[in-house]
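Trainee: Residues per chain are reported as follows:
There are 2 protein chains.
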Amino acid sequence: MSGVVKTSISPMLPVRRGIEAIEFYKAAFGAWEVFSAGDENNGVVAHMSVGGAEFWIADEAPDFLNFSPESLSAEFRSGATVRMVMVVEDPDAMFARAVAAGAEAVWPVEDKDYGWRVGRLVDPFGHHWEIGKPLK
Amino acid sequence: MSGVVKTSISPMLPVRRGIEAIEFYKAAFGAWEVFSAGDENNGVVAHMSVGGAEFWIADEAPDFLNFSPESLSAEFRSGATVRMVMVVEDPDAMFARAVAAGAEAVWPVEDKDYGWRVGRLVDPFGHHWEIGKPLK
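If you're matching them up, the sequences are chains V and P in order.
Start counting the first sequence at 1; every next residue gets the next number (the numbering used here).
Start counting the second sequence at 1; every next residue gets the next number (the numbering used here).
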């Protein structure tokens, strides 16, 4: 049917240092900007894509109930309430690239008894990512 | 190319009362379970779909750095660090359905000057959703 919107769910990640975050996700995941607006003074919002999978970044705005992990917890690794499950063809390579760009491994990429090869990292803005794929 | 995994990014939502959450998201969004495992005693994990758009729910596990919004903030509306942007053909209907199922409107569905018709709600587990679509 023409004109019908395809249903999608994409995570919106509030961060401190939005412009730095855009550059980090480009380096870490090979992400690119589908769209971005704003500047360092007024805050940025950016629509990002990784191989066609989309997410959003925005400078946090607590007055609008948009809190970065750094605002909700003094513990760097313990401030996120949603983690992103990223499925890619080569999780080992993506994980290594992200760590090289400044992410911290929470646990390494390994085969899990629930049938996935997956690792978890926390990025410099406090957001958590599981990077993996189902085992054949 | 055969055998190549399609890249995807799906949010994983830690909650308290996981079994109740599965039922809530079914009622609120018309979601269905692609897969689920576990039970009330050991915690549940569920892979959910809304019109082909996917997300995950799991009982929180703070020992594994999986915190629900209720664990990170005493303020019900202020505990989430990622919000989900849900794009659907009829955001007004989806929003009304979710509120009828027990979600709370943060702001109503309305036309925004940035070119979207969108509203925001917080669900009974503290997760925030923007439900909308781009204006023509």
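Treat the hints with care, since some could be wrong.
Given that identical chains are not distinguished, each listed pair holds provided it fits within a single copy or across any two copies.
Claimed, not checked - Okay, derived cross-link-like pairs now, SDA-like style, lysine to any residue, Cα gap no bigger than 20 Å in a straight line:
| hint | residue 1 | residue 2 |
| --- | --- | --- |
| 1 | Lys6 | Asp92 |
| 2 | Lys136 | Val50 |
| 3 | Lys6 | Ser49 |
| 4 | Lys133 | Thr7 |
| 5 | Lys26 | Asp90 |
| 6 | Lys133 | Glu40 |
| 7 | Lys133 | Asp39 |
| 8 | Lys6 | Ala61 |
| 9 | Lys26 | Trp116 |
| 10 | Lys6 | Arg16 |
| 11 | Lys26 | Ser71 |
| 12 | Lys133 | Ala53 |
| 13 | Lys133 | Asn41 |
| 14 | Lys133 | Ile19 |
| 15 | Lys136 | Pro124 |
| 16 | Lys136 | Phe64 |
| 17 | Lys26 | Leu135 |
These aren't lab readings, by the way, just hints derived from the structure by calculation.
Trainee: Name the hints, by number, that the structure is in violation of.
Mentor: When the structure is compared with the hints, numbers 2, 6, 7, 8, 9, 10, 11, 13, 14, 15, 16, 17 turn out to be violated.
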